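Asks: Here is what each chain is made of, one letter per residue.
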Amino acid sequence: MRQFILLTLFASTAAQAGLVNQVEVKNNTVLFSTESMTDSTISCASNTNKKLRAFSLNTHDGRAMYSLIVTALSKNYAVEVHSALDCADTQDVERIQSLRLLADTSRENNISGSIGLYKHDGVTRLGLYQSGTLGFWRYIDKDAENSHQSAFKEVRMQFGRQSVDTYYSGLNCTGEQLFHESLYYSTEDKTFYNSDKANPVLAKSIYRDGACFKPDISSYNFKAYPLIKQTTHPVCGTGPCKIRED
Amino acid sequence: MYKYILALSLACSSCAFASSKIKQVELDNGVVVILPNIVRNDSPCTTQSWGLDMSQEQDHALYGLILTAVAMAKPVTIEGTQVCIGNGRYERISKVSIKD
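If you read the protein sequences in the order shown, they are chains A and B. When you number the first sequence by this note's numbering, it's gap-free, plus one each residue, and the end is 1065. When you number the second sequence by this note's numbering, it's gap-free, plus one each residue, and the end is 1271.
Treat the hints with caution; some may be incorrect.
[As the list claims (entries may be wrong)] Once the Cα atoms are required to be at most 27 Å apart in a straight line, the calculated DSS-like pairs of lysine-lysine come out as:
(1) B:1270 / B:1245
(2) A:894 / B:1266
(3) A:938 / A:894
(4) B:1245 / A:972
(5) A:1016 / A:1048
(6) A:869 / A:894
(7) A:1009 / B:1192
(8) B:1270 / A:938
(9) A:938 / B:1194
(10) B:1266 / A:1061
(11) A:870 / A:1016
(12) B:1192 / A:1061
(13) B:1270 / B:1194
(14) A:894 / B:1245
(15) A:894 / B:1270
(16) B:1194 / A:972
(17) A:1042 / A:1016
(18) B:1266 / A:972
In case anyone wonders, no lab produced these hints; they're calculated from the structure. Computed from a predicted model, the values in this text were never measured in an experiment.
Between the sequences and the hints, there should be enough to build the whole structure, so can you do that?
Replies: Now the structure itself:
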């Protein structure tokens, strides 16, 4: 029982690292939130402030935490928050006990203004963004960037459309589901679609925008590939990669 | 014994670690805890992290310098006081220098 209580306390005070997305100062109290923060579950936090955390500027600790959070905000560094499990600093906002800034030491010195390619979490930097067109982004791998080598890498992915065309091996959208495009992210169902290029199959019907069609003459003998659904991208993680200023 | 302590004291009166970028900065119970990217192994305290005492005015300036280094992703060289703070866990910093 004691172990369970300890485990519960640990779980409720620890938080996943995330980028700071809101900071405000009110009556000498700092209110802030991060992208990864879950709603507060402690009873003193009001419904309207469940997404926020607070600390006072009346202490040395609070003023130092404020400097840390402003640094994290200005440089897009992630912070990790540990709760004090009370609302002692402001009536209805959960107070934090400690704050940790996680710096990205792979960054070049003073690279403000450069554009980085990041994993979907927006925190893990893959490298220096170079160029991109519909379907792929080119970047310099961060290890190569630090050693001033030229090592271009590409992230291939299309995304943004409401739904993807799905082909079928049988008439009237029956049989095996097939896919023709390269790695694709559906914003509708938050899933990556890929095609097994090693095993082409003749497509006899197409499902598009909620209806089933026969292939037209130009796509007669059209071959598609068995569809592979996956929840993660090999490089970007659980969603599309992000491009932003470092 | 006295000679041994004196020798140790002279040898480590300005112990510094190799220039390194800062990996983590944490605020915990009045102590700023600093973890460099290159972790040393000669701390006189129970962890290898460095500490700043936020109740001491002189540590505020050092904290400002550490945050500047973090923001600019520049390496720093840190020297310690051989004094442990935060329940004996972190060596208090005496000097921080930022160099290109």
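Asks: All the hints need checking, so say for each whether the structure fits it.
Replies: Verification of the supplied hints:
Of the pairs offered as hints, the one joining residue 1270 of chain B and residue 1245 of chain B holds, with about 8 Å between alpha carbons and a cut-off of 27 Å not exceeded. With a CA separation close to 24 Å, the supplied pair residue 894 of chain A and residue 1266 of chain B stays within the 27 Å bound. Taken as a hint, the residue 938 of chain A and residue 894 of chain A pair is honoured in the structure, with Cα atoms around 17 Å apart against an allowance of 27 Å. Distance restraint check for residue 1245 of chain B and residue 972 of chain A: the Cα-Cα separation of roughly 26 Å lies within the 27 Å cut-off, and the hinted pair is therefore satisfied.
A distance of roughly 14 Å separates the Cα atoms of residue 1016 of chain A and residue 1048 of chain A; the hinted pair therefore holds under the 27 Å criterion. Of the pairs offered as hints, the one joining residue 869 of chain A and residue 894 of chain A holds, with about 26 Å between alpha carbons and a cut-off of 27 Å not exceeded. Between the alpha carbons of residue 1009 of chain A and residue 1192 of chain B the distance comes to roughly 37 Å, so the proposed pair goes past 27 Å and is violated. For the suggested pair residue 1270 of chain B and residue 938 of chain A, the alpha carbons sit about 31 Å apart, so the restraint of at most 27 Å is broken.
Simply put, residue 938 of chain A and residue 1194 of chain B have alpha-carbon atoms about 19 Å apart, close enough for the 27 Å limit, and the pair holds. The suggested pairing of residue 1266 of chain B with residue 1061 of chain A is violated, with an alpha-carbon distance near 38 Å, which exceeds 27 Å. Of the supplied pair hints, the one linking residue 870 of chain A and residue 1016 of chain A is violated, its CA atoms being roughly 45 Å apart against a limit of 27 Å. For the given pair, residue 1192 of chain B sits about 25 Å from residue 1061 of chain A by alpha-carbon distance, which is consistent with the 27 Å threshold.
For the hint linking residue 1270 of chain B to residue 1194 of chain B, the alpha-carbon distance of about 17 Å falls within 27 Å, and the restraint holds. Proximity of residue 894 of chain A to residue 1245 of chain B is assessed by CA-CA distance (about 13 Å); at most 27 Å being required, the pair is judged to hold. Straight-line distance between C-alpha atoms of residue 894 of chain A and residue 1270 of chain B comes to about 20 Å, which keeps the hinted pair within the 27 Å bound. Distance hint between residue 1194 of chain B and residue 972 of chain A is fulfilled; the C-alpha atoms sit about 26 Å from each other, no more than 27 Å.
Distance check on the hinted pair: residue 1042 of chain A and residue 1016 of chain A sit about 10 Å apart at the alpha-carbon level, within 27 Å; holds. Between residue 1266 of chain B and residue 972 of chain A the CA atoms are separated by roughly 41 Å; this puts the pair beyond 27 Å, and the hint is violated.
Against the hints set out earlier in the document, violations occur for numbers 7, 8, 10, 11 and 18.
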